[in-house]
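Peer 1: Please put together the full structure from these sequences, using the hints given.
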Amino acid sequence: MRAIQYAAPRSLGDAVAILQERGNKARILAGGTDLIVQVGEDARDVDVMVDGKHIPELMELSFDPEKGLTLGAAVPCYRIYEHPEIKKHYPGLVDSTSIIGGTGIQGRASVGGNLCNSGPAADSIPTLIAYGATVRIVGANGERTVPVENFCTAPGRNVLAADELLISIHLPAPSAHSGACYLRFIPRNEMDIAVVGAGVSITLDDNGIVTAARVALAAVAPTPLFVPEAGDSLVGKAPTEEAIAAAAEIAKNTARPISDMRGTAEHRKHLVGVLTRRALHRALERARA
Amino acid sequence: MTTETKYRVIGTRPVRPDGVDKVTGRAIYGADVVLPRMAHGKVLRSPHAHARILSVDTTQAEALAGVLAVICGRDMPAVSGMAAAGEGGDMNMRYASNNVMAHDKALYEGHAVAAVVATSPHIAKEALKLIKVEYEVLPPVIDVRKAMEPNAPILLEDLRTDTGGVKSETASNIAAHLIAEEGDIEKGFADAAVVVEREFTFQTVHQGYIEPHACAAEWRADGQITVWASTQGSFAVRQQCAAILQHPIGQLKVIPTEIGGGFGGKIPVYLEPIAAVLSRKAQRPVRMVMDRTEVLMATGPTPGAYIKVKMGADKNGNITAAQGYLAYEAGAYPDSFIGAGMTCLFAPYNLKNVRIDGFDVVVNKPSSTAYRAPGAPIAEFASETVLDEIAETLGIDRLAIRAQNSAKEGDWRPFGPPYTRIGHQECVAAAQASAHWNTPLVREGKDGKKRGRGVASGYWGNWDGISSCIGRLNPNGTVSLLEGSTDIGGSRASIAMQFAEAFGVTYEQVHPAVVDTDTVDYNDVTGGSRTTFGTGYAVYKLAKKMQGEIVGQLAGLWDVPAESITIDGSSYSSNGHSATITQLAKLFEENGIHINASITAKGSNLSGAFATHIVDVEVDEETGKVDIVRYTAIQDAGTAIHPSYVEGQMQGGVAQGIGWALSEGYVYDSEGHLKNATLLDYRMPTSLDVPPIETIIVEVPNPTHPYGVRGVGEVPIVPPCAAIANAIHDATGLRLRDLPMSPSRVWEALEKQ
Ligand SMILES: Cc1cc2nc3c(=O)[nH]c(=O)nc-3n(C[C@H](O)[C@H](O)[C@H](O)COP(=O)(O)OP(=O)(O)OC[C@H]3O[C@@H](n4cnc5c(N)ncnc54)[C@H](O)[C@@H]3O)c2cc1C
Numbered sequence: 000m001r002a003i004q005y006a007a008p009r010s011l012g013d014a015v016a017i018l019q020e021r022g023n024k025a026r027i028l029a030g031g032t033d034l035i036v037q038v039g040e041d042a043r044d045v046d047v048m049v050d051g052k053h054i055p056e057l058m059e060l061s062f063d064p065e066k067g068l069t070l071g072a073a074v075p076c077y078r079i080y081e082h083p084e085i086k087k088h089y090p091g092l093v094d095s096t097s098i099i100g101g102t103g104i105q106g107r108a109s110v111g112g113n114l115c116n117s118g119p120a121a122d123s124i125p126t127l128i129a130y131g132a133t134v135r136i137v138g139a140n141g142e143r144t145v146p147v148e149n150f151c152t153a154p155g156r157n158v159l160a161a162d163e164l165l166i167s168i169h170l171p172a173p174s175a176h177s178g179a180c181y182l183r184f185i186p187r188n189e190m191d192i193a194v195v196g197a198g199v200s201i202t203l204d205d206n207g208i209v210t211a212a213r214v215a216l217a218a219v220a221p222t223p224l225f226v227p228e229a230g231d232s233l234v235g236k237a238p239t240e241e242a243i244a245a246a247a248e249i250a251k252n253t254a255r256p257i258s259d260m261r262g263t264a265e266h267r268k269h270l271v272g273v274l275t276r277r278a279l280h281r282a283l284e285r286a287r288a
Numbered sequence: 000m001t002t003e004t005k006y007r008v009i010g011t012r013p014v015r016p017d018g019v020d021k022v023t024g025r026a027i028y029g030a031d032v033v034l035p036r037m038a039h040g041k042v043l044r045s046p047h048a049h050a051r052i053l054s055v056d057t058t059q060a061e062a063l064a065g066v067l068a069v070i071c072g073r074d075m076p077a078v079s080g081m082a083a084a085g086e087g088g089d090m091n092m093r094y095a096s097n098n099v100m101a102h103d104k105a106l107y108e109g110h111a112v113a114a115v116v117a118t119s120p121h122i123a124k125e126a127l128k129l130i131k132v133e134y135e136v137l138p139p140v141i142d143v144r145k146a147m148e149p150n151a152p153i154l155l156e157d158l159r160t161d162t163g164g165v166k167s168e169t170a171s172n173i174a175a176h177l178i179a180e181e182g183d184i185e186k187g188f189a190d191a192a193v194v195v196e197r198e199f200t201f202q203t204v205h206q207g208y209i210e211p212h213a214c215a216a217e218w219r220a221d222g223q224i225t226v227w228a229s230t231q232g233s234f235a236v237r238q239q240c241a242a243i244l245q246h247p248i249g250q251l252k253v254i255p256t257e258i259g260g261g262f263g264g265k266i267p268v269y270l271e272p273i274a275a276v277l278s279r280k281a282q283r284p285v286r287m288v289m290d291r292t293e294v295l296m297a298t299g300p301t302p303g304a305y306i307k308v309k310m311g312a313d314k315n316g317n318i319t320a321a322q323g324y325l326a327y328e329a330g331a332y333p334d335s336f337i338g339a340g341m342t343c344l345f346a347p348y349n350l351k352n353v354r355i356d357g358f359d360v361v362v363n364k365p366s367s368t369a370y371r372a373p374g375a376p377i378a379e380f381a382s383e384t385v386l387d388e389i390a391e392t393l394g395i396d397r398l399a400i401r402a403q404n405s406a407k408e409g410d411w412r413p414f415g416p417p418y419t420r421i422g423h424q425e426c427v428a429a430a431q432a433s434a435h436w437n438t439p440l441v442r443e444g445k446d447g448k449k450r451g452r453g454v455a456s457g458y459w460g461n462w463d464g465i466s467s468c469i470g471r472l473n474p475n476g477t478v479s480l481l482e483g484s485t486d487i488g489g490s491r492a493s494i495a496m497q498f499a500e501a502f503g504v505t506y507e508q509v510h511p512a513v514v515d516t517d518t519v520d521y522n523d524v525t526g527g528s529r530t531t532f533g534t535g536y537a538v539y540k541l542a543k544k545m546q547g548e549i550v551g552q553l554a555g556l557w558d559v560p561a562e563s564i565t566i567d568g569s570s571y572s573s574n575g576h577s578a579t580i581t582q583l584a585k586l587f588e589e590n591g592i593h594i595n596a597s598i599t600a601k602g603s604n605l606s607g608a609f610a611t612h613i614v615d616v617e618v619d620e621e622t623g624k625v626d627i628v629r630y631t632a633i634q635d636a637g638t639a640i641h642p643s644y645v646e647g648q649m650q651g652g653v654a655q656g657i658g659w660a661l662s663e664g665y666v667y668d669s670e671g672h673l674k675n676a677t678l679l680d681y682r683m684p685t686s687l688d689v690p691p692i693e694t695i696i697v698e699v700p701n702p703t704h705p706y707g708v709r710g711v712g713e714v715p716i717v718p719p720c721a722a723i724a725n726a727i728h729d730a731t732g733l734r735l736r737d738l739p740m741s742p743s744r745v746w747e748a749l750e751k752q
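Each protein sequence line maps, in turn, to chains X and A. Each residue of the first sequence is one higher than the one before, starting from 0 at the first, in numbering that gives the first Met the number 0. Each residue of the second sequence is one higher than the one before, starting from 0 at the first, in numbering that gives the first Met the number 0.
Treat the hints with care, as some may be off.
[To be verified] For each label pair, taking beta carbons as the anchor points, the in silico distance ranges come out as:
#1 X:D44 <-> A:P35: 32 to 40 Å
#2 A:V22 <-> X:K86: 30 to 38 Å
#3 X:A42 <-> A:M37: 23 to 31 Å
#4 X:R1 <-> A:K280: 47 to 55 Å
#5 A:Q282 <-> X:V158: 51 to 59 Å
#6 A:V136 <-> X:P83: 58 to 66 Å
#7 X:D44 <-> A:E198: 44 to 52 Å
#8 A:N475 <-> X:R1: 51 to 59 Å
#9 X:I3 <-> A:M37: 20 to 28 Å
#10 A:A26 <-> X:A2: 25 to 33 Å
#11 X:H53 <-> A:Q250: 55 to 63 Å
#12 X:G39 <-> A:G394: 52 to 60 Å
#13 A:R51 <-> X:G131: 54 to 62 Å
Keep in mind that the hints were calculated from the coordinates and are not lab data. Note that the Cβ used here is the ideal one computed from N, Cα and C, for glycine as well.
Peer 2: So, in structure tokens, the structure goes:
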């Protein structure tokens with residue numbers, strides 16, 4: 000293990016300048032719960048860690064009933080699930096952030112880091128997709144916005160260029176009668192990587208008819224998997240037991256998992272159906288509450 | 000339930016002497032040892048499961064700034080012969096040496112092939128990348144049944160199958176075929192109304208001690224070697240190092256550190272001889288610490304296995320015959336505790352007609368070692384689930400069938416001698432009377448989950464072994480008690496309590512310490528559930544010896560015949576003289592008299608420990624996930640010296656058993672690469688997976704111990720796997736016969752149902 004440099008820029012501009020100069024050997028450090036582990040295991044070759052936690056935009060956490068939620072890329076999980084407006088309006092985000100690692104990890108781990116690490120099994124990404132979140136990215140050529148479902152490109156890879164960093168994540172304002180939920184399956188009751196995860200959202204009109212629904216899955220494809228067909232199948236319908244089962248079946252048939260030491264492909268496919276169904280029921284309860 | 004007040008100290012629950020240091024972080028574990036000019040060692044490990052080592056080029060690594068020395072197989076002395084190494088009996092030291100550092104062949108992924116010492120651990124790690132090893136990769140064999148096939152790849156060209164002392168003519172992966180037989184099984188099965196025969200498979204699991212292996216060594220220019228080791232047996236480390244290093248044993252001193260768990264896995268040496276050789280080359284003390292992946296890849300584990308069990312019973316549920324076929328994976332080198340597995344297979348029951356065949360088989364996995372009741376949990380998983388099936392077929396209550404067939408004093412057991420007074424029947428009776436058993440099971444859990452209840456019994460023998468200790472009466476009436484048994488589970492307290500009881504002082508007056516191999520005489524390892532028994536027996540004798548010395552000295556000081564002096568607790572009196580130990584200590588000091596004694600004692604423990612467990616599980620039939628909702632462990636402790644530590648041992652065994660049953664297991668690919676060598680994917684249970692475990696201590700005193708002690712540490716890991724499988728059956732109707740009973744396996748079985 001070699002010595003590694005540490006930089007703590009105070010502005011987006013300074014951070015981008017370091018990224019531009021050092022290229023691939025520079026990495027943004029948020030909570031470090033992925034990055035430091037990977038460097039320690041020789042899984043990532045890093046010359047300089049660029050701490051994002053001193054850049055105000057990366058630590059912002061604000062809610063506006065009109066504009067929605069702005070989640071700075073380096074805000075740790077515990078600040079998210081303890082936030083009163085988030086508890087009220089984004090319970091799916093609470094589901095995700097309160098199961099990443101354990102209490103200790105949640106004191107550091109960020110949703111931005113979870114997203115930028117771009118693991119297929121990441122617990123916050125399906126939820127962000129279900130909420131229709133977008134991300135704000137900055138680089139040498141300025142800013143751009145990308146929907147979360149288009150962010151990850153392969154295991155550990157995403158759309159960020161070497162000179163770019165994630166500023167924040169934006170979740171649209173919650174509509175009336177909407178609910179969301181994230182469920183994951185793990186063999187133990189904590190400290191496991193998702194064998195399968197399902198993040199869903201559902202919105203009803205005043206008559207209880209579904210106006211929008213989104214389903215996204217973890218650990219069943221090389222990237223977090225958005226399954227628009229599953230959510231769309233519910234739109235215009237009453238969310239009956241059968242309709243939800245049918246949506247879950249679509250999700251199940253879309254999943255293309257592999258067999259590994261965490262589970263077999265068959266079991267994973269089956270679990271997609273079970274979790275999507277259960278998550279939709281829970282989201283529906285929340286939408287009606 | 001605890002001991003009646005027959006004793007003053009035994010049965011109470013005092014604070015452990017090492018507690019404050021441990022909770023405040025002051026305790027020194029293996030990785031905490033810091034020595035002047037200390038350097039750091041790291042091991043290069045084989046990426047292949049089976050490969051011939053053609054060459055090792057260390058020149059580039061040696062050239063890296065900060066590197067002090069590099070070694071590989073050719074730097075280790077040639078070794079032959081055997082050395083005593085704990086409850087496993089003697090170790091083939093050539094194999095042990097090859098396991099520490101591969102000489103010509105790497106036999107498992109993670110096998111040490113070279114090592115570096117540098118001024119920092121980081122430089123040592125970088126230097127590993129510069130060592131060039133040329134391998135000829137060989138086909139691996141990682142499954143016991145494949146390894147037994149006649150044309151399987153051979154791991155050890157010199158290995159011959161030993162069948163009752165007769166060696167096979169050709170090389171084989173089967174190191175031994177053991178047979179235990181009694182009565183006439185043909186007749187027994189012919190007499191049966193029901194016969195059940197089942198096959199089982201088991202994956203390799205690891206002990207999972209919290210503290211990774213760590214040690215330090217200093218090889219001085221005068222030939223004196225000092226080793227600091229986190230170990231279950233400092234004398235076993237001394238013997239193994241002497242043999243592997245071919246060094247005079249008198250010039251080796253082992254200083255045991257505190258130990259963060261061992262469960263049998265800290266009996267063999269891994270790093271110690273390497274650290275010593277590196278120290279000699281670097282002329283500096285060397286510390287070595289494994290990371291978790293090294294621990295999982297290269298230490299422990301317990302054997303994977305294939306087992307077949309056949310049992311028959313008459314229509315009343317009396318077992319008429321039992322047969323077992325056990326093939327255990329020893330890992331890279333022989334010795335899988337197959338004999339222990341055979342002894343335990345049907346141990347809770349009185350059997351007239353038995354045949355057990357056991358096979359010790361080498362495979363390309365880490366060399367297996369003891370793990371808490373080694374060999375027993377998987378053997379008894381097989382027999383206890385088969386017995387459950389017999390009870391179900393005959394419509395007999397599950398505890399009743401265990402009671403009616405229970406082994407008792409005088410009954411036969413494999414490899415003899417017959418049982419002395421044992422407490423299995425009492426455990427089953429306590430289970431029948433327990434609150435858990437008498438609380439009706441609510442069959443429906445949350446969200447439609449299914450609940451079921453299971454029971455199982457288990458046995459583990461107790462080892463006696465040799466223990467030595469030294470007692471010194473201090474001028475203030477306290478006693479310094481020097482022990483050589485390393486303390487892996489609270490034994491300093493349980494030993495001090497027995498000494499206090501025997502010597503007539505309070506627990507607080509005894510100051511126990513675990514000392515090095517130069518300070519105290521020989522001790523066998525802390526293993527085989529022996530320490531509270533064996534070292535307890537030694538301190539009992541030590542206390543009597545010290546009392547004898549006191550009486551002798553008093554006779555002179557008081558000018559009375561020694562026989563006239565009576566001892567009552569801590570007070571000595573004769574002919575109008577009377578004094579407490581505290582007063583006497585002062586008196587002796589004033590007269591220049593010092594009371595100290597040392598003892599070496601070998602108890603004789605022909606008894607053993609039984610347990611019966613009850614568990615309620617909840618199964619999510621949609622996902623296959625099993626949760627434990629209630630657990631009661633019942634165990635015969637003989638006499639519970641410190642009931643809290645007995646309960647702690649019972650709960651710890653159950654926690655490990657839950658992991659073994661539901662989530663733990665090595666996952667290998669076809670090339671023999673271990674795919675889950677991290678604690679993320681080698682899934683030991685977390686605190687959320689283990690419910691509060693209720694304990695019921697049964698006390699059937701062991702007739703071969705002055706206080707009736709039985710070893711309590713190991714047997715509680717024996718019943719859980721079977722009890723949980725039986726509970727899953729009760730909940731779902733499934734009979735699962737492969738461990739772990741992971742969600743995907745449970746779900747697949749439910750799909751096939
Ligand atoms: C014990 C343990 C348990 C865990 N359990 C879970 C779990 O249950 N579920 C789960 O999903 N994950 C889990 N993880 C993984 C990890 O904690 C999460 O992925 C976490 O959200 C990462 O956030 P972080 O802030 O620590 O990211 P970091 O480690 O700081 O960063 C992660 C990656 O993202 C990059 N990055 C971070 N911020 C930015 C940015 N603003 N712009 C560009 N790149 C950026 C980093 O360079 C790095 O490559 C666990 C990890 C550990 C150690």
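Peer 1: For every hint, state whether the structure bears it out.
Peer 2: Taking the hints in turn, this is what the structure says about them:
1. X:D44 <-> A:P35: 32 to 40 Å: holds (35 Å)
2. A:V22 <-> X:K86: 30 to 38 Å: holds (35 Å)
3. X:A42 <-> A:M37: 23 to 31 Å: holds (29 Å)
4. X:R1 <-> A:K280: 47 to 55 Å: violated (25 Å)
5. A:Q282 <-> X:V158: 51 to 59 Å: 55 Å Cβ-Cβ, so the 51 to 59 Å window holds.
6. A:V136 <-> X:P83: 58 to 66 Å: Between V136 (chain A) and P83 (chain X), where Cβ atoms are some 60 Å apart, the hint holds.
7. X:D44 <-> A:E198: 44 to 52 Å: holds (48 Å)
8. A:N475 <-> X:R1: 51 to 59 Å: holds (56 Å)
9. X:I3 <-> A:M37: 20 to 28 Å: holds (24 Å)
10. A:A26 <-> X:A2: 25 to 33 Å: Distance hint for A26 (chain A), A2 (chain X) holds at roughly 32 Å.
11. X:H53 <-> A:Q250: 55 to 63 Å: holds (57 Å)
12. X:G39 <-> A:G394: 52 to 60 Å: For G394 (chain A) against G39 (chain X), whose Cβ atoms are near 58 Å apart, the range 52 to 60 Å holds.
13. A:R51 <-> X:G131: 54 to 62 Å: For G131 (chain X) against R51 (chain A), whose Cβ atoms are near 59 Å apart, the range 54 to 62 Å holds.
Violated hints amount to a single one, hint 4; each of the other numbered hints is respected by the structure.
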